[in-house]
Amino acid sequence: MTRRVVVTGIGLVSPHGDTPGAVFDALMEGRSAIARWTSAGMPPAAVARAAFDVSRWFTRLQLAGVDRVSQIAVAAAELARADAGFEGLDDRSGIYVGTGMGGAAAIDEAFARYAESGRVPPLTVPAFMPNAPAAHIAMRAKVHGPVLTYSIACASSAVAIAEAAKAVAAGDVECALAGGSEALLVPGAIRAWQALQTLASPGSEDPSRACRPFAADRTGLVLGEGAAFLLLEPLDAAKARGARVYAELAGSGVSCDATHLTKPDAAGQVRALVSALRASGLSPADVGYCNAHGTATRAGDVVECEALAQVWGDAIGDLAVSSTKSMHGHLLGAAGALEAAITVLALERGALPPNMHCGPQDPACRVSLVQQPHTEAPQLRAAISNSFAFGGTNAVLVFRRCD
Amino acid sequence: MSTLEELKQLIHKTFDIDPTTLKADAPLEEYGLDSLSLAELLFAIEEHFNVDLPDTRSSVNTLAGLAQLIDDLRTPKAA
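Taken in order, these protein sequences are the chains called S and X. Take -15 as the starting number for the first sequence in our numbering and just add one per residue. Take 61 as the starting number for the second sequence in our numbering and just add one per residue.
Just so you know, the hints here were simulated from the structure itself, not pulled from any lab data. The structure presented is a predicted model; accordingly, all values stated were derived computationally and were not measured. Check before you lean on any hint, since a few could be wrong.
Covered by chain X, according to a simulated footprint, are these stretches of chain S (three or more residues, beta-carbon under 8 Å) [as the list claims (entries may be wrong)]:
id: 1; segment: -3 to 4
id: 2; segment: 43 to 52
For each label pair, taking beta carbons as the anchor points, the in silico distance ranges come out as [said to hold, decoys possible]:
id: 3; chain 1: X; residue 1: Gln128; chain 2: S; residue 2: Phe95; range: 29 to 39 Å
id: 4; chain 1: X; residue 1: Pro79; chain 2: S; residue 2: Pro27; range: 37 to 47 Å
id: 5; chain 1: X; residue 1: Gly125; chain 2: S; residue 2: Gly25; range: 42 to 52 Å
id: 6; chain 1: S; residue 1: Phe95; chain 2: X; residue 2: Thr122; range: 29 to 39 Å
id: 7; chain 1: S; residue 1: Ala35; chain 2: X; residue 2: Asp112; range: 34 to 44 Å
id: 8; chain 1: X; residue 1: Gly125; chain 2: S; residue 2: Asp75; range: 40 to 50 Å
id: 9; chain 1: X; residue 1: Glu66; chain 2: S; residue 2: His358; range: 51 to 61 Å
We put the beta carbon where it would ideally sit given N, CA and C, even for glycine.
Could you build the full structure based on these sequences and the hints that come with them?
Below, the structure written as structure tokens:
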């Protein structure tokens, strides 16, 4: 059985808020949610924090052993279900969650307390285990089918969505909540990323401009936090219940560089792009927009442009590209899901969110960047979202208008 | 403040449960505490009262029992 799979619900807890339409509006305006972060004894960083009122979702008693990464996952998944108006979650439904680190706050607190007194909070393990977000969503939504977690660094939630779509297409499940969650804006985790020398330095400039994908003067990535979920179901089922269809998930491609743990490889990315196009039955000319991985690292942006140029060939100039990380930062394990949601909204609205803060473009990054806010694209029929991970795994999701 | 009253305030602070609803002799499960939240409460008690609860503590499941245990642990042993 192969069924067409569509997105009927979007749920977000993001640096630009938790209302998909308003999040997309803010991105179209080019508004950055990135701000300066400081902590005693540490160099400053630029981060994109997601405002979240936990009391809307949990009582204090329910919060015992529930890390922030699970809290925002529960909220975003429920928002996606509600957005879809889907009432029938049961043992024929599945939950597919990507997360890079799991419960970072629980780990940070446990290690700090251990160093200080040797005493560690008793719920540290259930709080930080990476499959906790998926389990909490399942308990809240009463989903008794497959409840799975994918930890593949920056490709975690893109792979989770790809796997969920395959399960829906094959008839293994009738409905999937698929997405990701990441909440690691705690001192220990930020310090670890600083030590890796990959973060943008906020310097003395305006921190909201710290993330500059594809720019000649880019200095690295900006960590963000948030959760994003899509509700996926078969096209026929969505039509039968009169659901609003945002877009079709036309196909996906996954590959591994198998060359280096952290250095990306164009050949590996090309394999994912080609396989995603083949799976969706589209040719490069059919795709009008690419929500790029574009983390704004020196090496990563160049390699992604090389991969796109190899697949698109002479038509590369017709592919509009933007990295919305310039505004919401890098949500790591949740990045693929948030950017998939943005790509779906771009198709639904016929509009392209900009690649902000790119003054002079790096000549080694020869792609057609969406530089201006409020760029309309009424002819847009199909779009892709790239997620390329540490560890070498590449995931490409292809979405198509469904009308 | 009595240990029992202090314990009620700690539960209020930890779980936002109204202290006036807490009864000394009712099982803690009645207030919605499960094995996980109970573990968190016992850790908070150890921190707050600066005591080490014995491993057999799970047998103590009422506030009065807990308060008694804390008092016993805090009383210096006679030489």
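To see whether the hints hold, each was checked on the structure:
1. Counting residues of the segment -3 to 4 of chain S whose CB lies closer than 8 Å to any CB of chain X gives 0, so the stated coverage by that chain is violated, three being the minimum.
2. Look at the segment 43 to 52 of chain S against chain X: 5 of its residues bring a Cβ nearer than 8 Å to a Cβ of that chain, three or more, so the hint holds.
3. Taking the beta carbon of each, X/Gln128 and S/Phe95 are about 35 Å apart, inside 29 to 39 Å as hinted.
4. In this structure, X/Pro79 and S/Pro27 meet the distance hint of 37 to 47 Å, their C-beta atoms being roughly 44 Å apart.
5. One distance hint, 42 to 52 Å for the beta-carbon pair X/Gly125 and S/Gly25, holds here, with the actual separation near 43 Å.
6. As the Cβ distance of S/Phe95 to X/Thr122 is approximately 35 Å, the hint placing it in 29 to 39 Å holds.
7. Between S/Ala35 and X/Asp112 the CB atoms are about 40 Å apart, so this pair conforms to the stated range of 34 to 44 Å.
8. Our hint of 40 to 50 Å for X/Gly125 and S/Asp75 holds, since their Cβ atoms are close to 41 Å apart.
9. The hinted window of 51 to 61 Å between X/Glu66 and S/His358 holds, with their beta carbons roughly 59 Å apart.
Hint compliance for this structure: hint 1 alone is broken.
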